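Here the protein sequences come in this chain order: A and B.
To convert, count from 1 in the first sequence and add 6; that's my numbering.
To convert, count from 1 in the second sequence and add 32; that's my numbering.
Calculated from the structure, these hints are not laboratory results.
Just so it is clear, the structure is predicted and the values come from calculations on it, not from any experiment.
Hints may be right or wrong, so weigh each one.
[What the hints assert, rightly or not] Reference excerpt, derived from the structure (chain A facing chain B, CB under 10 Å, subset only):
{"#": "1", "residue": "Ala135"}
{"#": "2", "residue": "Phe141"}
{"#": "3", "residue": "Leu145"}
{"#": "4", "residue": "Arg195"}
{"#": "5", "residue": "Ala199"}
All C-beta atoms in this analysis are idealised placements derived from N, C-alpha and C, irrespective of residue type, glycine included.
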Amino acid sequence: MKVPRAFRGIMQDSSFPSFVMLVLLVIVNAVLQPGFFSFQVFRMNFMTFTPLILVSLAQATVILVGAVDLSIGAGISLVTVVMASLMQDSPLSIIAVVLLGVALALFLSFFNGFFIGTIGPPPLIMTFATSTMWFGTALLIRPTPGGHIPEAYYTIYSRTLAGFLPVPVLILLVAVAFCLLLGRTRSFRHLYAVGGNERAARASGINVTWTKIFAFLVSGVFVALAALCLVGQTATGDARSGQGFTLNSVAAAVIGGIAFSGGKGNYVGAIIGGIILGMLINIIYFANITSFYQEFMKGVIIIVALLFGAVPRLRRELAQR
Amino acid sequence: MGNYAQAQPWSSRVKTLASNQLAIAVLAVIALFVFGEIIAPGFLSFSHLMSVLRLSVFLGIVALGQALVVMAGGEGIDLSVGSVLSLAVCISSSLLLGKDANIPFALIGAVAAGFAIGLVNGIGVSYIGIPPLIMTLAMASVVEGLSLIYTRGYPTGQAPELLEALGNGRILQIPNILVLWIVVILAATLLLFRKRWGAILLGVGANSITAELSGINVRRFRMFVYGICGGITGLAGFLLLGYVGTPYLNLGAPYLMTSIAAVAIGGISLAGGAGSYVGAAIGCILLTTLSSILVALKTTEAVRQIVYGGLVFIIVVAYTRRKRDL
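Working from the sequences, and respecting the hints, build out all of it.
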């Protein structure tokens, strides 16, 4: 079969398989979910998709630099717990606590990035350890879910601005703008160099330590936004509320074509990966599966999605033989 | 830098370091016991010492599986051991129903279930090329779901007398399960350093390309190592039921972090290809002693999590620094 050259180029893009999957899933979701293309459903969907996309971006950034962050979920939980413990009803307090939450998320990411950048422990174990520490701290502050989130804060999250722009979508647009801005910076290009070949990057004069810290800081921005969304969604502080985000973030990033070896993939893929995962989870709910099977199905679907993501590479390997 | 991918040339040096690190771990255990005696008199007594060692056994057996997976290299790690352990406890108890006669049946059931799950991990990692971390993390959620489906939320059955005697009983003040562990430690050490299989394991972990060139099917070998890890975890679940008596969901969750911590404390190179099980076993005793002290101090679950996480953090950072200083 003859394939036009331009099309072949698209097919070789790292996010092409995920794009195909996205199209398939839109079809499946449209069939399963009544009124999928209506504005209401679109808005509802993005209330859950946005945090997923954000953690996918966060994980993608650190995977690009050749690391991984298993503490994203626990970090988000800790931020929600701190915010729910401090927030008062006054607008000033809301703004102050939101800023504090963002600062906390950035600090947690910086902590990981600093040690991974300067001393260089395996990111996997390092962030697994910090994830346990963050979880413990969150549990210490709030052993059971609770705290106070003012109505003014959590109603914002489900609001639609100017009649056409739901707040979750606005947050997503802010994140996309941030991505576009990042793409113009030198440190962001260095991210790919360090993730692709650390030694070569160092030899060509790139500050590897800073690049890694930078990657974690950028990731922290996305984590902060995700935590703000989650607080808006759940209106509570819960030491376990973020738990699922760790696996989801890794899965979404990998589904989106971010290579685990580092240095390969892009933010478009990460965003698509987040949406795909959101739709996959949607299917579980709309297929009317009993609650006992939901956890199981979620895991199976993620493994199948990972399989799907591995297909192009496997085909390449077979072709080389 | 002490990066993951580049850590392999270090593996030979790690061996000399491991003995050093073991000495530190042993000293830490002694220090912890003395500290325990100060805060809670009787901590250092023979019977308490034995009960700490007995508790270490279950973690120790899980850590054996984890150690093998880590030693086999390829960034090997198994994040599903906690869920597999929980599932194995539930399977054993539902098959045992408190009857001694059902023991062989339940033992095979628990080990086979663990082995099968491990093999799926191995296929995903070795043949499909999914990073071990993600594959086993996703598997953890699958197995957690399996436990829910299998038990419908309420695990049934209980341990029979014979299994309780193994998990809880003592002969001449020595816990029976401890004797079993000593046998396991000797067998594992023999396997790793005196048998061909151990040489292959460490060879595959140290350099998979040379292993492949010398005629070893690295992919198939690693797949089976994951299977073995699952099977060992299944065995640990079976034994753990003898200790706890009646099962409950998420019984295995605390064993995940600690099994990895024990492996790290034991000086097993996280890049694979080096280490001994004795190190991991000492790591298990260290962690169990620490948790015993935290219990004596009446700390909450939250503080224990922070201490465990902080400990692994310090070990990993200190370990990486030392590697670089050499």
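Structure-based check of all given hints:
1. Ala135: Cβ of A:Ala135 sits 4 Å from chain B, so the hint holds.
2. Phe141: Where the cut-off is 10 Å and the nearest Cβ of chain B is about 6 Å from A:Phe141, the hint holds.
3. Leu145: holds, 4 Å
4. Arg195: violated, 20 Å
5. Ala199: For A:Ala199, the interface hint is violated, since the closest Cβ of chain B sits about 14 Å away, which is over 10 Å.
Violated hints, in rising order: 4, 5; the structure is consistent with all others.
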